[in-house]
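Chains F and W supply the protein sequences, listed in that same order. Take 1 as the starting number for the first sequence in the numbering used here and just add one per residue. Take 468 as the starting number for the second sequence in the numbering used here and just add one per residue.
Some hints could be false.
[As the list claims (entries may be wrong)] From chain F, some residues computed to sit far from chain W (all C-beta separations above 10 Å): (1) Q118; (2) I144; (3) A392; (4) S450.
[Unchecked claim] Pairs of lysine-lysine, DSS-like flavour, derived with a Cα cap of 27 Å: (5) W:K548 to F:K315; (6) W:K478 to F:K298; (7) F:K390 to F:K328; (8) W:K548 to F:K298.
Keep in mind the hints are simulated off the structure, nothing from the lab. These numbers come from a predicted model, not from an experiment. Cβ coordinates follow ideal geometry from the N, Cα and C atoms, glycine included.
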Amino acid sequence: MFSRPNRKAFRKTVGFRLALWYSGIFIFSSVLLFGFSYFNISSSLRKQDQRAIESELKELASLYEMGGMDFIERKLTVHRKFEKEEPFLVRVGDATNETLLLILPNQWMEFDIKDLKQISSNSSITWTPLHNRNSKNAFEVGSIRLPDRHVLQVGRSIEDRERILAHFRTNFLLITVPLIVLAFAGGAFVAFRALRPIRHIIGAVRSAASGRMDTRVPSTGTDDELGELVTLFNQMLKRIEALMQGMRDALDNVAHDLRTPMTRLRGIAEIALSSDEGPDACRESLAECMEESERILKMLNTLMDISEAETGAMKLELQRVKVCDMLKHIVEVYDYIAEDRGISLQMQCKRGLWIMADPTRLYQIISNLLENSLKYTARGGRIDVAATAKDAEVFVAVRDTGIGIREKDLPRIWDRSYRCDQSRSQSGLGLGLSLVKAFVEAHKGHVEVSSQPGKGCTFTIALPAAH
Amino acid sequence: MRLLLVEDDLKIASFISKGLKEAGFAVDHAADGEDGLHLALNEPYDAAIIDIMLPKLDGLSLIEALRAQKVNTPVIILSAKRTVDDRINGLQTGSDDYLTKPFSFSELLARVHALIRRSTRTTEPTRLHAGDLAVDFLTRETTRAGKTIDLQPREFALLEYLMRNTGKVVSRTMILEHVWDYSFDPQTDVVNVLVCRLRDKVDRDFEPKMIHTIRGVGYVLKA
Numbered sequence: 001m002f003s004r005p006n007r008k009a010f011r012k013t014v015g016f017r018l019a020l021w022y023s024g025i026f027i028f029s030s031v032l033l034f035g036f037s038y039f040n041i042s043s044s045l046r047k048q049d050q051r052a053i054e055s056e057l058k059e060l061a062s063l064y065e066m067g068g069m070d071f072i073e074r075k076l077t078v079h080r081k082f083e084k085e086e087p088f089l090v091r092v093g094d095a096t097n098e099t100l101l102l103i104l105p106n107q108w109m110e111f112d113i114k115d116l117k118q119i120s121s122n123s124s125i126t127w128t129p130l131h132n133r134n135s136k137n138a139f140e141v142g143s144i145r146l147p148d149r150h151v152l153q154v155g156r157s158i159e160d161r162e163r164i165l166a167h168f169r170t171n172f173l174l175i176t177v178p179l180i181v182l183a184f185a186g187g188a189f190v191a192f193r194a195l196r197p198i199r200h201i202i203g204a205v206r207s208a209a210s211g212r213m214d215t216r217v218p219s220t221g222t223d224d225e226l227g228e229l230v231t232l233f234n235q236m237l238k239r240i241e242a243l244m245q246g247m248r249d250a251l252d253n254v255a256h257d258l259r260t261p262m263t264r265l266r267g268i269a270e271i272a273l274s275s276d277e278g279p280d281a282c283r284e285s286l287a288e289c290m291e292e293s294e295r296i297l298k299m300l301n302t303l304m305d306i307s308e309a310e311t312g313a314m315k316l317e318l319q320r321v322k323v324c325d326m327l328k329h330i331v332e333v334y335d336y337i338a339e340d341r342g343i344s345l346q347m348q349c350k351r352g353l354w355i356m357a358d359p360t361r362l363y364q365i366i367s368n369l370l371e372n373s374l375k376y377t378a379r380g381g382r383i384d385v386a387a388t389a390k391d392a393e394v395f396v397a398v399r400d401t402g403i404g405i406r407e408k409d410l411p412r413i414w415d416r417s418y419r420c421d422q423s424r425s426q427s428g429l430g431l432g433l434s435l436v437k438a439f440v441e442a443h444k445g446h447v448e449v450s451s452q453p454g455k456g457c458t459f460t461i462a463l464p465a466a467h
Numbered sequence: 468m469r470l471l472l473v474e475d476d477l478k479i480a481s482f483i484s485k486g487l488k489e490a491g492f493a494v495d496h497a498a499d500g501e502d503g504l505h506l507a508l509n510e511p512y513d514a515a516i517i518d519i520m521l522p523k524l525d526g527l528s529l530i531e532a533l534r535a536q537k538v539n540t541p542v543i544i545l546s547a548k549r550t551v552d553d554r555i556n557g558l559q560t561g562s563d564d565y566l567t568k569p570f571s572f573s574e575l576l577a578r579v580h581a582l583i584r585r586s587t588r589t590t591e592p593t594r595l596h597a598g599d600l601a602v603d604f605l606t607r608e609t610t611r612a613g614k615t616i617d618l619q620p621r622e623f624a625l626l627e628y629l630m631r632n633t634g635k636v637v638s639r640t641m642i643l644e645h646v647w648d649y650s651f652d653p654q655t656d657v658v659n660v661l662v663c664r665l666r667d668k669v670d671r672d673f674e675p676k677m678i679h680t681i682r683g684v685g686y687v688l689k690a
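This is chain F alone, in the form it adopts within the complex:
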């Protein structure tokens, strides 16, 4: 959307819509602000005019009460002689509002008197704005009905007021154009800034979709929602990358590990086919083929188990497992082998230990540890299986008096297909301990090993306890 803008799509972008909203709100509030001040100024100017007219009206009304029309006339004549500015229009009408007296300043010459006659009035002041049709002049007229039902009208030009307001309006219209431009530019800028992480994410997704899983979205360095989104997104990418890498590695490993037994299988069959020995030899070769294919299958299954556990694709059917019963069952299976090899297999279990685990996987974990110990413990040796609990974790330890592991080999014993020199003479897939580690970690547990070369070693698995 962002990185390849075309005109049609651009109108659909979030950035464009945000900018539009932003400028819309900006313009709306400016208009509101202008309207409010315009109204305020205009009403205060109007009040000022009305106050002047009102005081004149009152003065004339009291003069009229004292001496009737003559007093008004006299006062106005005097007034006109001395003060030339801001002359008022004064009109006195009878009960039917027929003109009795009219004093018309020069500015009012083009004014149509009929308009004044149409104004109805009562004891309080009635305000009427009047506009001259031919000129720009405008007036405000206050009318009042005097106690003898005559009508007194005083008017004043509001030209100044109109000029100020007109100026105000023109100014506003003049700044509206730059205001709109500014609002949209501001909106676009804000949207552009705010959406930058999103654009980065889009870029990352696009490059991830094309197969580059090592892309990361640059951090925003902020603690807000977008920053969190970027962090989470990067975590997700990292996990996908690990998964894909894991699968690729697993495939490589499977291919590599299977080549050797496949070669053996092929070799056995080939030799049997090309030799002239009798049916018994052929039968023997066929049996070897069967055994070899069995081993290949077992290896394939184990490798897949490990890969699934390591990449998190393994489906665990978790349930509460009573640790002691489980250990008892497994130890019983291996009892015969231990007895056969003259090894004492002992079990100690603290009562009442429960863990959440997939029983089949758990059996595989313990079996592999036991098999490992049985393999490297000599006749007359001893293997102890013990279960204890500490801090919401259950520990199952398998201790043997076997050949032990050299210090330099310790960190690598969990690696896939890693076999130390001492173990090469033993048969096995070399996968047992990696399976243990992968399975235990899939159960959110961890593994530990300690060893004294020549005296034996202890493998411990820790799994979260169930309540």
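Dock chain W against chain F, hints included.
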């Protein structure tokens, strides 16, 4: 006994049919799901062996259709997947079984026998003889040529299993399942150790030897 085999891989189908026919079964083969369903609905079979991945109609839908028509032929499901998926769990009745590829033919044969035995509900005998070997499953008394043999519980369980399948090969996996209730294959040959111990007691001092190893396949007790 008449069996239905629904399997699209012709090589696998041919070796299974051949083996089953040699074992005395009559076998009908269908190469796709629709043919299989048609046969299963119209012919009476004692058991059916059905692959999951089939052209036209997959194995699970086939079984679903069968069950919907109230045809309760016991079924052995063949699958290339290692894990039993939930749909199979939902479909499996007590008389059905499940086998993952690759499997050994003798294992399939043993499971077919077990399936038919279960579905016909033949009562299992409480005493069995094989040659001069006699076992009483109630008193757990074992004698060979009149001499009493003292067996430990797992050894007895293994002997019982071999006796009940006299003349038929049982695989290591099947022994693990029956004797230990173990659902996975340990690296070490636990079964071999137990068989050796049983041989020590049942075969060492006697002739002829009764427990035989079929390499790469399993074990068989022959009278």
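For each hint, the structure was consulted:
1. At roughly 93 Å from the closest C-beta of chain W, the C-beta of F:Q118 stays outside 10 Å, upholding its exclusion from the interface.
2. Even its closest Cβ contact with chain W, about 96 Å, leaves F:I144 beyond 10 Å, as expected for a residue assigned away from the interface.
3. Once the 10 Å rule is applied to beta carbons, F:A392 is consistent with being away from chain W; the minimum gap is 28 Å.
4. Taking the minimum C-beta to C-beta distance to chain W, about 23 Å, the non-interface status of F:S450 holds against the 10 Å cut.
5. Taking the CA atoms of W:K548 and F:K315, the gap is about 14 Å. The hint holds against a cut of 27 Å.
6. Using a Cα cut-off of 27 Å, the hinted pair W:K478 and F:K298 holds, with the two alpha carbons roughly 23 Å apart.
7. At roughly 21 Å between alpha-carbon atoms, F:K390 and F:K328 fall within 27 Å of each other, so this suggested pair holds.
8. Restraint check: the Cα-Cα separation between W:K548 and F:K298 comes to about 14 Å, which is no more than 27 Å; the hinted pair holds.
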